[in-house]
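Asks: Read off the chains here:
Number of protein chains: 2
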Amino acid sequence: MSQVVAITRNGVNTEQLYGTLDAIKDDPSLGIFQFRAHNHWIDGAHNRSTIKSFYGAGQEDSTRIQEFTVDAGEPAILLGTDTGPNPAEHLLHALAACLTTTLVYVAAARKVKLTEVESTLEGDMDVRGCLGLTDEVRNGFSRVRVNFKIKGDATPEKLQEVVERAKGRSAVFDMVSNGVPVDVGVVTA
Amino acid sequence: MSQVVAITRNGVNTEQLYGTLDAIKDDPSLGIFQFRAHNHWIDGAHNRSTIKSFYGAGQEDSTRIQEFTVDAGEPAILLGTDTGPNPAEHLLHALAACLTTTLVYVAAARKVKLTEVESTLEGDMDVRGCLGLTDEVRNGFSRVRVNFKIKGDATPEKLQEVVERAKGRSAVFDMVSNGVPVDVGVVTA
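Chains as they are written, first to last, in the numbering used here: chain H, 1 to 189; chain L, 1 to 189.
Each hint should be verified, as a subset may be incorrect.
Since the list can't tell identical chains apart, any single copy or any two copies may satisfy a pair.
As the list claims (entries may be wrong) - Pairs of lysine to any residue, SDA-like flavour, derived with a Cα cap of 20 angstroms: (1) Lys52 <-> Asn147; (2) Lys167 <-> Gly129; (3) Lys113 <-> Ala154; (4) Lys167 <-> Gly179; (5) Lys113 <-> Gln160; (6) Lys158 <-> Glu15; (7) Lys167 <-> Asn178; (8) Lys158 <-> Thr63; (9) Lys111 <-> Thr20; (10) Lys158 <-> Glu118; (11) Lys52 <-> Asp71; (12) Lys25 <-> Ile77.
Think of the hints as simulated: they come from the structure by calculation, not from any bench.
My request is simple: use the sequences and hints to build the entire structure.
Replies: Here you go:
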């Protein structure tokens with residue numbers, strides 16, 4: 001009698017995880033994804049993205065029922081009315097979220113049970129760049145620091161390894177660290 | 001008799017805008033900012049950032065009353081339960097939001113009244129990278145496309161110029177295009 005046990009570790013169904021990896025190994029075309037966002041300006045520094053559709057695993061997704069909305073803004077000192085985190089803060093969130101999910105998945109695959117993952121991110125910016133006051137500084141962060149606090153049923157060395165592997169595989173860490181070609185088109189009408 | 005009129009254009013108080021630019025020109029140290037996010041893992045692909053404090057204009061901010069929370073997740077095909085946009089989608093939002101706010105501010109400064117700004121973003125990803133199945137593709141997007149639709153009381157050429165200037169000054173466009181040094185520290189306890 002064979003025994004099939006669905007093992008969920010760190011909230012990740014590891015059978016589904018291994019199954020997904022095997023399916024994409026067998027048919028690499030299933031790994032092709034396209035993610036999307038639609039943004040519209042509301043007023044001043046207030047704008048909103050709606051996020052729902054994506055392409056992946058050979059088809060347009062039909063499983064996501066909910067459309068997500070995410071608002072952006074600026075604090076008063078940067079001429080906004082605090083209608084949401086500002087875009088640079090959203091970038092920090094994207095980075096934190098991706099490193100965290102990647103390390104949670106890596107830990108699940110490596111049989112490490114996590115009990116706590118927290119991170120604090122700081123990004124340094126001289127806003128003279130993005131305000132157009134000087135070309136001597138860049139427009140974005142000069143540097144970002146991420147500090148993780150992580151606990152689980154593994155040695156400190158093993159937990160460190162999990163974080164290192166997450167750095168080595170996180171999509172957003174790659175993009176923020178190395179950059180991505182971005183094409184910008186405009187229709188005026 | 002001097003006449004002082006507060007001109008709000010595109011939802012931006014242009015007097016405050018010019019005043020801010022002058023103040024930072026006079027004292028460049030006021031341009032030093034630090035933005036922050038704190039993230040904690042909830043379960044599986046679900047994690048949440050809280051965003052509130054920042055440093056800027058020579059002091060810790062005391063004006064932002066509200067703490068923002070932003071949730072991340074993954075769709076079922078990527079082993080989550082759709083608890084929020086995924087991290088790569090959040091990055092697209094950060095990029096859209098920053099380009100939009102920058103172009104709205106640029107237009108306000110250049111006396112262009114905007115009536116509509118929308119953008120659609122697509123990012124192409126072969127998830128074999130971030131899933132650790134191959135080193136032949138990168139972990140993040142191979143390419144991002146941003147398509148703006150913009151309307152206002154200016155010629156198409158002028159509106160195109162505004163978008164070009166926003167590309168040239170957007171903090172997140174700079175970071176996503178060119179990358180940023182990211183330090184990752186870990187405490188295990």
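Asks: What label fits lysine 113 with alanine 154 when the C-alpha limit is 20 angstroms: within, between, both, or neither?
Replies: within (8 angstroms within a copy, 58 angstroms between copies)
Asks: Could you place lysine 158 and threonine 63 in one of the four classes (within, between, both, neither) given a Cα distance threshold of 20 angstroms?
Replies: neither (35 angstroms within a copy, 42 angstroms between copies)
Asks: Is it within, between, both, or neither for lysine 158 and glutamate 118, if the alpha carbons may be no more than 20 angstroms apart?
Replies: The answer is within: 17 angstroms in one copy meets 20 angstroms, while 46 angstroms across copies does not.
Asks: At most 20 angstroms between C-alpha atoms: does lysine 167 with glycine 179 qualify within a copy, between copies, both, or neither?
Replies: both (15 angstroms within a copy, 15 angstroms between copies)
Asks: Given identical chains, is lysine 167 near glycine 129, meaning Cα to Cα at most 20 angstroms, within a copy, between copies, both, or neither?
Replies: The answer is between: 12 angstroms across copies meets 20 angstroms, while 28 angstroms in one copy does not.
Asks: With identical chains, the pair lysine 111 and threonine 20 could be close in the same copy or across copies; at 20 angstroms between alpha carbons, which is it: within, between, both, or neither?
Replies: Intra 17 angstroms, inter 53 angstroms, cutoff 20 angstroms: intra-copy only.
Asks: What label fits lysine 25 with isoleucine 77 when the C-alpha limit is 20 angstroms: within, between, both, or neither?
Replies: Between. Shortest inter-copy distance 15 angstroms satisfies the 20 angstroms Cα cut-off; intra-copy 50 angstroms does not.
Asks: Have a look at lysine 52 and asparagine 147 and pick one of within, between, both or neither, based on CA distance no larger than 20 angstroms.
Replies: The answer is between: 17 angstroms across copies meets 20 angstroms, while 31 angstroms in one copy does not.
Asks: Can you give me the call for lysine 158 and glutamate 15, within, between, both or neither, at a CA distance of at most 20 angstroms?
Replies: neither (22 angstroms within a copy, 56 angstroms between copies)
Asks: For the identical chains here, do lysine 52 and aspartate 71 meet the 20 angstroms Cα criterion within one copy, between copies, both, or neither?
Replies: Both ways: lysine 52 and aspartate 71 sit 15 angstroms apart in one copy and 15 angstroms across, limit 20 angstroms.
Asks: Give the relationship of lysine 167 and asparagine 178 under a CA distance limit of 20 angstroms: within one copy only, between copies only, both, or neither.
Replies: both (12 angstroms within a copy, 18 angstroms between copies)
Asks: For the identical chains here, do lysine 113 and glutamine 160 meet the 20 angstroms Cα criterion within one copy, between copies, both, or neither?
Replies: within (14 angstroms within a copy, 52 angstroms between copies)
Checked against the numbered hints above, the structure violates hints 6 and 8; every other hint is satisfied.
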